[in-house]
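*Asks:* Protein sequences appear in the order of chains A and B.
Its first residue numbered 1, the first sequence is counted upward by one per residue in UniProt numbering.
Its first residue numbered 1, the second sequence is counted upward by one per residue in UniProt numbering.
Hints may contain errors.
Identical copies go unnamed one by one, so any copy, or any two together, can satisfy a pair.
Said to hold, decoys possible - Calculated pairs, DSBU-like style, for lysine-lysine (alpha carbon to alpha carbon, straight line, at most 30 Å):
1. 198 - 415
2. 198 - 104
3. 127 - 415
4. 162 - 144
5. 144 - 45
It is worth saying that the hints were derived from the structure and are not from the lab.
Number of protein chains: 2
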Amino acid sequence: MNHSQTGNFNFEPDNLSIPSTHKKRIVIIGGGFAGINFVEKINTKLYQVVLFDRYNYHTFQPLLYQVATAGLEPDSICGPLRKVCKSKKDLYFRMLKVQRVDTKEKRVHTLLGSLEYDYLIIATGAKTNYFGNDNIEKHAFPLKQVVHALELRSQLFQLFEKAELRRGTDEVDRLLTFVIVGGGPTGVEMAGALAEMKKHVLPHDYPEIDFTKMKVYLLEGVDRLLPAMSESSSESSRKYLESMGVDVRLNTFMKDYDGRTVVLDNGEEILTDTVVWAAGVKSNIIDGIDADLNKGRFHVDEYNRVYAPGNQSVYENIYALGDVAFQFSEQYPNGLPGVAPVAIQQGDYLGKSFNRIAKNKEVRPFNYLDKGTMATVGRNKAVADLPLNIRFSGFIGWVTWMFVHLMYLIGFRNKLVVFVNWLWSYLNYDRGIRLIIRPAQKNWEETDELIEKSLQ
Amino acid sequence: MNHSQTGNFNFEPDNLSIPSTHKKRIVIIGGGFAGINFVEKINTKLYQVVLFDRYNYHTFQPLLYQVATAGLEPDSICGPLRKVCKSKKDLYFRMLKVQRVDTKEKRVHTLLGSLEYDYLIIATGAKTNYFGNDNIEKHAFPLKQVVHALELRSQLFQLFEKAELRRGTDEVDRLLTFVIVGGGPTGVEMAGALAEMKKHVLPHDYPEIDFTKMKVYLLEGVDRLLPAMSESSSESSRKYLESMGVDVRLNTFMKDYDGRTVVLDNGEEILTDTVVWAAGVKSNIIDGIDADLNKGRFHVDEYNRVYAPGNQSVYENIYALGDVAFQFSEQYPNGLPGVAPVAIQQGDYLGKSFNRIAKNKEVRPFNYLDKGTMATVGRNKAVADLPLNIRFSGFIGWVTWMFVHLMYLIGFRNKLVVFVNWLWSYLNYDRGIRLIIRPAQKNWEETDELIEKSLQ
Numbered sequence: 001m002n003h004s005q006t007g008n009f010n011f012e013p014d015n016l017s018i019p020s021t022h023k024k025r026i027v028i029i030g031g032g033f034a035g036i037n038f039v040e041k042i043n044t045k046l047y048q049v050v051l052f053d054r055y056n057y058h059t060f061q062p063l064l065y066q067v068a069t070a071g072l073e074p075d076s077i078c079g080p081l082r083k084v085c086k087s088k089k090d091l092y093f094r095m096l097k098v099q100r101v102d103t104k105e106k107r108v109h110t111l112l113g114s115l116e117y118d119y120l121i122i123a124t125g126a127k128t129n130y131f132g133n134d135n136i137e138k139h140a141f142p143l144k145q146v147v148h149a150l151e152l153r154s155q156l157f158q159l160f161e162k163a164e165l166r167r168g169t170d171e172v173d174r175l176l177t178f179v180i181v182g183g184g185p186t187g188v189e190m191a192g193a194l195a196e197m198k199k200h201v202l203p204h205d206y207p208e209i210d211f212t213k214m215k216v217y218l219l220e221g222v223d224r225l226l227p228a229m230s231e232s233s234s235e236s237s238r239k240y241l242e243s244m245g246v247d248v249r250l251n252t253f254m255k256d257y258d259g260r261t262v263v264l265d266n267g268e269e270i271l272t273d274t275v276v277w278a279a280g281v282k283s284n285i286i287d288g289i290d291a292d293l294n295k296g297r298f299h300v301d302e303y304n305r306v307y308a309p310g311n312q313s314v315y316e317n318i319y320a321l322g323d324v325a326f327q328f329s330e331q332y333p334n335g336l337p338g339v340a341p342v343a344i345q346q347g348d349y350l351g352k353s354f355n356r357i358a359k360n361k362e363v364r365p366f367n368y369l370d371k372g373t374m375a376t377v378g379r380n381k382a383v384a385d386l387p388l389n390i391r392f393s394g395f396i397g398w399v400t401w402m403f404v405h406l407m408y409l410i411g412f413r414n415k416l417v418v419f420v421n422w423l424w425s426y427l428n429y430d431r432g433i434r435l436i437i438r439p440a441q442k443n444w445e446e447t448d449e450l451i452e453k454s455l456q
Numbered sequence: 001m002n003h004s005q006t007g008n009f010n011f012e013p014d015n016l017s018i019p020s021t022h023k024k025r026i027v028i029i030g031g032g033f034a035g036i037n038f039v040e041k042i043n044t045k046l047y048q049v050v051l052f053d054r055y056n057y058h059t060f061q062p063l064l065y066q067v068a069t070a071g072l073e074p075d076s077i078c079g080p081l082r083k084v085c086k087s088k089k090d091l092y093f094r095m096l097k098v099q100r101v102d103t104k105e106k107r108v109h110t111l112l113g114s115l116e117y118d119y120l121i122i123a124t125g126a127k128t129n130y131f132g133n134d135n136i137e138k139h140a141f142p143l144k145q146v147v148h149a150l151e152l153r154s155q156l157f158q159l160f161e162k163a164e165l166r167r168g169t170d171e172v173d174r175l176l177t178f179v180i181v182g183g184g185p186t187g188v189e190m191a192g193a194l195a196e197m198k199k200h201v202l203p204h205d206y207p208e209i210d211f212t213k214m215k216v217y218l219l220e221g222v223d224r225l226l227p228a229m230s231e232s233s234s235e236s237s238r239k240y241l242e243s244m245g246v247d248v249r250l251n252t253f254m255k256d257y258d259g260r261t262v263v264l265d266n267g268e269e270i271l272t273d274t275v276v277w278a279a280g281v282k283s284n285i286i287d288g289i290d291a292d293l294n295k296g297r298f299h300v301d302e303y304n305r306v307y308a309p310g311n312q313s314v315y316e317n318i319y320a321l322g323d324v325a326f327q328f329s330e331q332y333p334n335g336l337p338g339v340a341p342v343a344i345q346q347g348d349y350l351g352k353s354f355n356r357i358a359k360n361k362e363v364r365p366f367n368y369l370d371k372g373t374m375a376t377v378g379r380n381k382a383v384a385d386l387p388l389n390i391r392f393s394g395f396i397g398w399v400t401w402m403f404v405h406l407m408y409l410i411g412f413r414n415k416l417v418v419f420v421n422w423l424w425s426y427l428n429y430d431r432g433i434r435l436i437i438r439p440a441q442k443n444w445e446e447t448d449e450l451i452e453k454s455l456q
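Chain A extracted, bound-state conformation (with noise of 0.2 Å):
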């Protein structure tokens, strides 16, 4: 990189101001759900720490079609990493994203400068795949971060004021008509969603509108849905969601969408404006590992070292967390799930691991411990399948659901508020957050780029 194209460049830019010590550094990337548990566990009187992300804050994914269906505000749900940070010394945060990785030099770089490293930990989760088809990446709406959350509230809203001004038309339907594709846990949840508005919301703030034309859609490729929990849980999720109106797809593949025409693999076609992709996902990889890759994703051994290409040896100082990482184990033998539990615990699990290292104790290999899924579909209805074949489902399911997922989100402020949420949209049948406060378009890797380059 040629630092003197990047204008006042006047600071010492191969530590990103980062001091030196006598301790060794372990660089972590990601600040999602294995990188925070990882800097939670590890002692930072043995190791330094610089951890980076392109935002500066970490986000519960699991409540983001919560926040593109007016039901949460997008600060209850994340976190601001430095707030994680600050509890610790020698532990630092750059909102920088790392661009490619040197295992010669054992430098990460960034659009800054760079930083070397003793030990390098990728932890930098997993993109929106839509699978090569340029169409559906131009058209559909993901939902992997908050600005796709925020743009698709904005798109929902901005949708029935329109639906209301062309009131008598046949652009009504289309308007009106919302396809969901992939039936795991985002996908069954959000079209819960869209199928809850539609009874309890809706109606009451466009009395205009005729809703019985509004249709919901949910599209799964395989015979279920959420086809990683037990059959019984895909088997009501199902008819959960088909009494609430939501037309179900199974077996059924989008060939394609123009951002009008939905076209199925039966030849069958929906006219919509909004689809929304929720059907599968590819690991961050970080450019400059020559690692051994399975299904995307870096091939980690029992301790979560990289391989190197041939997955006859490892790394000894590489390491991936979570979904940008394959791990098996005899339970997995298709590698462990892409799921935030994987992440947690395994962040967890090296953090500790590192700090025993430095102590020279023996380290363990890694185990997961499957505490259960679960998946809401709405108003007292959810699925969970817990350890011991222990299943829940309607309204224990759903008070479960709630718990755990309060239990999960950084911060009492945040849990706070979202319980306090909850209560209110249980009680009032209500969505509070309706506002459009930005045009419908895809434009947050703009929207990404921009940030950075005004850290310039």
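Position chain B relative to chain A; hints supplied.
*Replies:* For chain B alone, coordinates are given in the frame of chain A:
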């Protein structure tokens, strides 16, 4: 307007999907304090009412500075206008900007068509006044809308991230300097909030930054802060701010600002990336009304009817309320102040007056009841001038300020969430909301335009 230009324009454009009834139609432009209080009071069994606003929400402007300084979520201080409207039949909301009025044809015109009125109420409020200085308009941050507050919040936190990366350079001084222009409530409250963040929040978040370098200037053109309040309140607020480290400059004007250098009228220069412009407003005048303007506002009589030019006769069917209206009273020979209570009382008054007219009851002239003025400077520091020469300051003033602001917030959910946030901040010396979700750039006008165009 040539409707053929706007694409699929196959609905009836000339009534914006508003049905015709035997009742008189009141069109009200603007969902600010005046607008929503009018809507609350008007009896829609007696009139059909159509409310226009370019946003789909009401903004509680007195708390915008708390959004800008990470104390509150934007959603907590905004109320969806459709929610305000939903309790009444024959009350319609249209998220459209009224572009001009044709007083002869009695029609309001929007991008998507026009609508006839029997009565027109203008409650469009005010916007930032740069007094013709394009440089300032281009480079300073206003604080009148939610988008402004979000831009400013992003700006602040981006600057701190940048300052940390630039540690040890002269640039840091400029990044950590904040100039607020205008010593009214917004300026005083903004300066106080920044000084509080400097003391209680930022040093924890950015332990590497030397915050003794952070400077907050507050410039006021006349010889005291809060010129609309009592001299003792002016004096208290100045002392509070100075005790918190704010550099208060009275009798001082900003001559120019190029995005880097503030030039004062005494020739002094201050280097800064952030100027908050709270130095003046001008009314949002609507085109097409041939009216008597006073100080750029629609001159109205004691019934809030708009004067025709020459000040001899009034329009019998055109009214103006709040910041866009200029109304004399004995106590206020220079016109009622442009503050929320005037707008609230006028909206309330006019709604009731219309109800009386329909029942052939006598209508009394508007009488402004001054319930007092308040401003908060920080934790336990506020000033309040109440009627009967009662003045509070310090802790009691501050509690009074909080209580009154909570009372006027729209909706119980907002009151509750704001209260929880304030309690949290008070107990923890914290500000919870520090997300950078968009680049700081002045793109809001474009944003407004894009939102409106999306409705076509």
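*Asks:* Does each hint hold? Answer for all of them.
*Replies:* Tested hints:
In the homo-oligomer, the alpha carbons of residue 198 and residue 415 lie at most 30 Å apart both inside one protomer (27 Å) and across protomers (26 Å), since each shortest distance falls under that limit. Proximity of residue 198 and residue 104 under a CA criterion of 30 Å is satisfied in neither setting, with 56 Å inside one chain copy and 42 Å between copies. Proximity of residue 127 to residue 415 under the C-alpha cut-off of 30 Å is restricted to the intra-copy arrangement: shortest distance 26 Å within a copy versus 37 Å between copies. Proximity of residue 162 and residue 144 under a CA criterion of 30 Å is satisfied in both settings, with 26 Å inside one chain copy and 26 Å between copies.
Taking CA atoms no more than 30 Å apart as the test, residue 144 paired with residue 45 passes in neither setting, with 35 Å inside one copy and 47 Å between copies.
This entry does not satisfy hints 2, 5, going by the numbered hints stated previously.
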